[in-house]
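Q: Residue strings, one per chain:
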Amino acid sequence: MVSALFPLVVDGAVTRRRGKVLAGPVSLTLDGAGTAVVIGPNGSGKTSLLRLLHGTARLNEGRITWACGLTEARARQSFVFQRPVMLRRTVLENILYPLRLRGVAAGEARKEALIWAKRVGLSDAVDVPATVLSGGEQQKLALARALITAPDVVFLDEPCASLDGRATREIEELLCEVRAAGTRLILATHDMGQARRLADTVLFLLHGRIHELAPARAFFERPQTAEAAAFLKGDIVE
Amino acid sequence: MVSALFPLVVDGAVTRRRGKVLAGPVSLTLDGAGTAVVIGPNGSGKTSLLRLLHGTARLNEGRITWACGLTEARARQSFVFQRPVMLRRTVLENILYPLRLRGVAAGEARKEALIWAKRVGLSDAVDVPATVLSGGEQQKLALARALITAPDVVFLDEPCASLDGRATREIEELLCEVRAAGTRLILATHDMGQARRLADTVLFLLHGRIHELAPARAFFERPQTAEAAAFLKGDIVE
Amino acid sequence: MAELWNGLVQAFWLIVSVDAELLEIALRSLHVTLTALVIAAMIALPLAGVLAVRRFRWRRFVIAVLNALMGLPPVVVGLIVYVILSRSGPLGVFGLLFTPTAMIIAQVIIIVPLMASIAHQSLRELWQEYHDLLISMNVTEGQKMRTLLWDARRALLTAALAGFGRAIGEVGAIMIVGGNIDHATRVLTTAIALETGRGDFALALALGFVLIALTVAINMTIHWLGQTERDGRW
Amino acid sequence: MAELWNGLVQAFWLIVSVDAELLEIALRSLHVTLTALVIAAMIALPLAGVLAVRRFRWRRFVIAVLNALMGLPPVVVGLIVYVILSRSGPLGVFGLLFTPTAMIIAQVIIIVPLMASIAHQSLRELWQEYHDLLISMNVTEGQKMRTLLWDARRALLTAALAGFGRAIGEVGAIMIVGGNIDHATRVLTTAIALETGRGDFALALALGFVLIALTVAINMTIHWLGQTERDGRW
Amino acid sequence: RMAVTTSFHNSGLADILLPEIARDTGLEVQLLVVGTGQALALGQAGDVDAVLVHSKAAELAFVAEGHATHRREIMYNDFVLIGPAEDPAGVAGAATATDSLSRVARAEAPFVSRGDDSGTHRMELALWAQTGLSVEQFDAWYKAVGAGMGAALNTASGLGAYVLSDRASWLNFGNRGTLSLLFEGDPVLFNQYAYLPVNPERHSHVDAVQTAQLEAWLTSPRAAALINGYTLSGQQLFVFNATPG
Ligand SMILES: Nc1ncnc2c1ncn2[C@@H]1O[C@H](COP(=O)(O)OP(=O)(O)OP(=O)(O)O)[C@@H](O)[C@H]1O
Ligand SMILES: Nc1ncnc2c1ncn2[C@@H]1O[C@H](COP(=O)(O)OP(=O)(O)OP(=O)(O)O)[C@@H](O)[C@H]1O
Ligand SMILES: [Mg+2]
Ligand SMILES: [Mg+2]
Chain A
159 MVSALFPLVV DGAVTRRRGK VLAGPVSLTL DGAGTAVVIG PNGSGKTSLL RLLHGTARLN
219 EGRITWACGL TEARARQSFV FQRPVMLRRT VLENILYPLR LRGVAAGEAR KEALIWAKRV
279 GLSDAVDVPA TVLSGGEQQK LALARALITA PDVVFLDEPC ASLDGRATRE IEELLCEVRA
339 AGTRLILATH DMGQARRLAD TVLFLLHGRI HELAPARAFF ERPQTAEAAA FLKGDIVE
Chain B
159 MVSALFPLVV DGAVTRRRGK VLAGPVSLTL DGAGTAVVIG PNGSGKTSLL RLLHGTARLN
219 EGRITWACGL TEARARQSFV FQRPVMLRRT VLENILYPLR LRGVAAGEAR KEALIWAKRV
279 GLSDAVDVPA TVLSGGEQQK LALARALITA PDVVFLDEPC ASLDGRATRE IEELLCEVRA
339 AGTRLILATH DMGQARRLAD TVLFLLHGRI HELAPARAFF ERPQTAEAAA FLKGDIVE
Chain C
134 MAELWNGLVQ AFWLIVSVDA ELLEIALRSL HVTLTALVIA AMIALPLAGV LAVRRFRWRR
194 FVIAVLNALM GLPPVVVGLI VYVILSRSGP LGVFGLLFTP TAMIIAQVII IVPLMASIAH
254 QSLRELWQEY HDLLISMNVT EGQKMRTLLW DARRALLTAA LAGFGRAIGE VGAIMIVGGN
314 IDHATRVLTT AIALETGRGD FALALALGFV LIALTVAINM TIHWLGQTER DGRW
Chain D
134 MAELWNGLVQ AFWLIVSVDA ELLEIALRSL HVTLTALVIA AMIALPLAGV LAVRRFRWRR
194 FVIAVLNALM GLPPVVVGLI VYVILSRSGP LGVFGLLFTP TAMIIAQVII IVPLMASIAH
254 QSLRELWQEY HDLLISMNVT EGQKMRTLLW DARRALLTAA LAGFGRAIGE VGAIMIVGGN
314 IDHATRVLTT AIALETGRGD FALALALGFV LIALTVAINM TIHWLGQTER DGRW
Chain E
19 RMAVTTSFHN SGLADILLPE IARDTGLEVQ LLVVGTGQAL ALGQAGDVDA VLVHSKAAEL
79 AFVAEGHATH RREIMYNDFV LIGPAEDPAG VAGAATATDS LSRVARAEAP FVSRGDDSGT
139 HRMELALWAQ TGLSVEQFDA WYKAVGAGMG AALNTASGLG AYVLSDRASW LNFGNRGTLS
199 LLFEGDPVLF NQYAYLPVNP ERHSHVDAVQ TAQLEAWLTS PRAAALINGY TLSGQQLFVF
259 NATPG
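Chains as they are written, first to last, in the working numbering: chain A, 159 to 396; chain B, 159 to 396; chain C, 134 to 367; chain D, 134 to 367; chain E, 19 to 263.
A hint or two may mislead.
Some chain A residues judged to face chain C by a derived CB distance under 7 Å, without partners named [unchecked claim]: (1) T214; (2) L228; (3) F237; (4) F239; (5) R241; (6) R246; (7) P256; (8) L259.
Because the hints were derived from the structure by calculation, they are not lab data.
All residues carry an ideal CB built from backbone N, CA and C; glycine is no exception.
One chain only, chain A, in its complex shape (with noise of 0.2 Å):
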């Protein structure tokens, strides 16, 4: 079952601040399943990527097409944050915030964020501000935040950049989960070991464009650029 957002039409779409290029031009198209993964050094724009295609920058140059239409996508899509978000609330109920915006009953969205916190491995943290939660398990609180509303498509910034190596294995684990059940993952991250495990395409960038996009396995076996082949040696460990 492909959600009906996809496929997504990407032509040329710049996003600017104060005239520097944070990304683009880029272009592609991505269908509605499995993986896309963003690598590429810091400042390369992976961030800004994410918030051009969600929406959260501004597409200064280029047109960014949904098959259903933006209003419609902009519902079904959500954003884990490189650096998380924290309401002023408690972990629960930073939790249920999207399911009480959708109008769901509020005991309702209370079991839910239960089991989520339960998923995502918060249950006996529910009751704390969620602002006094450690880094890592701030960012299981945002993961489980947009995933609650079975969004057809996520937008993952680092999600797993201060977690435990456990913690690391349970959200992919998750995520794979969550995939099958067909939501599509855009995912950005350093961590080359989590891009080679849970990526279907790879997008690498360079100075905010698109500098090679491929399916994984080729990408990870044979890059066709230098940059690549380079960026990825840098990664190699020993």
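Let chain A serve as the given structure and place chains B, C, D and E with the ligands on it in line with the hints.
A: The following block gives chains B, C, D and E with the ligands in isolation, referenced to the frame of chain A:
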């Protein structure tokens, strides 16, 4: 040349918040050289321990004694937070801020700051507002800001969490130089590769307590406790 | 100097010997001001929310004007309200002039800009923090505002208290539209003005101290109830 | 209603035909208020800084009192200042009563609590953000405050504007300590009160509109200079 | 509702009369204490049912313009010249009110003027006119404060200045400081209070019956007794002079 701050003697130190123990009771002695790496699952208390040692977190029980006395110590240590705090100023002003505090002349400070901006690879962003930097760039900035005062001890809370492979390498080299120059590093990380590369001693935290404290080589080759072993395995990939 | 001291003494006696007349005007003061405060809040807070959340063409202009209106001279507000409510004015038929209602209207006009400006200040801070998240959840304008207002409630307290203070201490406007009629529209501030005119400074000061004591007491209670300034709360 | 219209017309003429007398009192208004504003700022901002940064025993109490003092009735402030400055008062020797200086003193007392409360509100928001960093750099209290005040300068604008507004529109206090003496201590607000007493509502309103126009103009300029509300700025 | 001048209200006479009025006629009179000018303005707008002021010229104009049905004189009190006890201008020795003022002018002693078109202010101007001096040419010593009687007295006491006040306000005034009563008794200083019922044809809501009722009471012997009987610190304040009709 070992700093006058050490040895640091911690004796049954505990930090609480609203009744909950965030870290401790902890007892340990740190001598003045090398890198101590703090590892442990999310929420195990790494950040809290660092804050406790540094003095940002309230010491509810026990004692923490620096060889040269607290006030002296306070002036000679610095901290890189897991979630870097950006002053609402330009990148350059952020980096030179600590120098200005110490009364370094503006021009002087500016020169120094530019050098450090270069060392962490932010040369071409010196004049943008720090708050718009990308996640990785913010971490680099925080690092430069912490090191520019040549402190005797630096607390690093996952300084490379959202850096790309290359940047991670460069920062690690930078840290090694700093350490060689006699600065004591106390670093929390989730990246076992990094831990292996940098650690002289390892502190393995669990539920706020030091579960295992051992020389790096020994720890990674044969961890004494089952939990430590499990934690390391949990991290090994494929 | 003697007056100051006498004033304090008189104030003390007025309070301990629960003076009936004092009680009456004090209660009227509270009734008028609190009503005005509630109404003003219902106008100012949503307004502040809109200004924080919407990016419309005249936004900066509106904000500037709002800030400027903090300087509305009470007397002028009083006059305008008077002219409108006067028998020969458009709303004359309702005969609202020289009634507490008229005073409430005047006070609302005076404190709305103040409260809106302060509230907007806090809300935009929070909005910068929440912006991305709320956008990403594509919430409606209304929901945005409700979320902001709710999560910034402690900060909004300052706005409310400022409004309350401005209203309870105000005299210029309510003197004109209320008329300071004994047993009808006399409140603490107008009574103070009256005694000042009589040159009875001691009594005027006494009433003043009563008024101050009242506001301090109210602020204390609100702060304690609100549990403000406690660690880890917002 | 007629008065409103006449008022507007008169206001217009007063302005275009740069009326000498109007100019005089308008300038006096500005001089008094701006001086008071500067002095008040020098007191209120550091105070707000201390309240945001220091954690002392009576902090919450002080904050509550400060909020309460926003409700200081101008008339009472006027009286107290009068009593202190009057010939028979402690500072009588300086003969400050019925001079602009006296008016400035009264206004400072009135706006300091307001400005301090608003400023403190913004500063504590920022302090929560900066707390860890500044602690980790073990900066002195003074440096903390300077950093906060500097980085929050845009937010502090609201405090300043609120103070300005309150001061320029205030009449109760300056009427008592200034005496509204022609060519000496008459300012816009007291002139308005006078015309009101005379029953010349149209002229009173005209002056009122002039005053409002003045404040709006000033706020605009400040906003434009301050470049507030621009994307990505603080 | 009736608008009255500050001076009348300050006398405290109202506190005596109102309860009696309520008892005898059952009317609940609400007093709006304002300057003469504002009082008339309120009457003109129909926001009050009657006006009790003391400024003959203005009152006649008011009636002439048809805002009030007629003008009924009720009583009078008198103005007194207040000044610093040491009396630098030697006003106390003056023969007439005019003379006393010219002395002040000659000595250029600080003088506080109401400067607000109130009855008191008009009286003062009238006197100045008789002295043949023009107020416009006075310099700093002549302070037009543009405020109510009380405020003017406060200013005067703060400055140790001369000021023309109605006797009632003066006797009721608490903040005297160095001030004291220096000149009184010149017949020109008499101060006539008149009652002006607002014209019901202009303002339908004005209750002509009640205003008439009140007028009747104010001109009744009963009122006469009360008004003449009213004393403050041993002095009679008002003299009832309504022509019974
Ligand atoms: N509002 C802005 N104004 C100016 N420059 C900006 C702004 N936002 C981002 N940038 C710059 O744009 C570049 C791309 O930022 P972006 O956050 O997309 O990088 P990134 O790939 O996510 O980096 P990282 O891996 O560190 O998260 C960065 O160099 C950043 O400094
Ligand atoms: N102010 C607080 N009040 C209550 N609980 C807190 C507070 N601060 C932290 N905690 C809890 O204490 C635990 C330890 O937090 P800490 O930040 O030290 O973990 P950590 O090891 O740094 O985790 P991570 O690897 O995710 O950064 C967490 O479970 C966190 O929820
Ligand atoms: Mg990023
Ligand atoms: Mg941490």
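Q: Are the hints correct? Go through all of them and say.
A: Hint by hint, here is what the structure shows:
Hint on T214 (chain A) holds. Least Cβ distance to chain C is approximately 5 Å, under the 7 Å limit. The restraint placing L228 (chain A) at the interface with chain C is violated, with a minimum CB-CB distance near 10 Å, outside the 7 Å limit. The interface hint given for F237 (chain A) is met, as the beta carbon of that residue sits about 4 Å from the closest beta carbon of chain C, less than 7 Å. Evaluation of the F239 (chain A) hint against chain C yields a held restraint, the C-beta minimum of about 6 Å falling below 7 Å.
Interface restraint check: R241 (chain A) against chain C, minimum CB-CB distance 9 Å, threshold 7 Å, status violated. For R246 (chain A), the interface hint holds, since its Cβ comes within 7 Å of a Cβ in chain C; the closest pair sits about 4 Å apart. For P256 (chain A), the suggested interface contact is upheld, since its CB lies about 6 Å from the closest CB of chain C, less than 7 Å. With 7 Å as the threshold, the beta carbon of L259 (chain A) comes within range of chain C, its nearest partner Cβ sitting at about 6 Å, so the hint holds.
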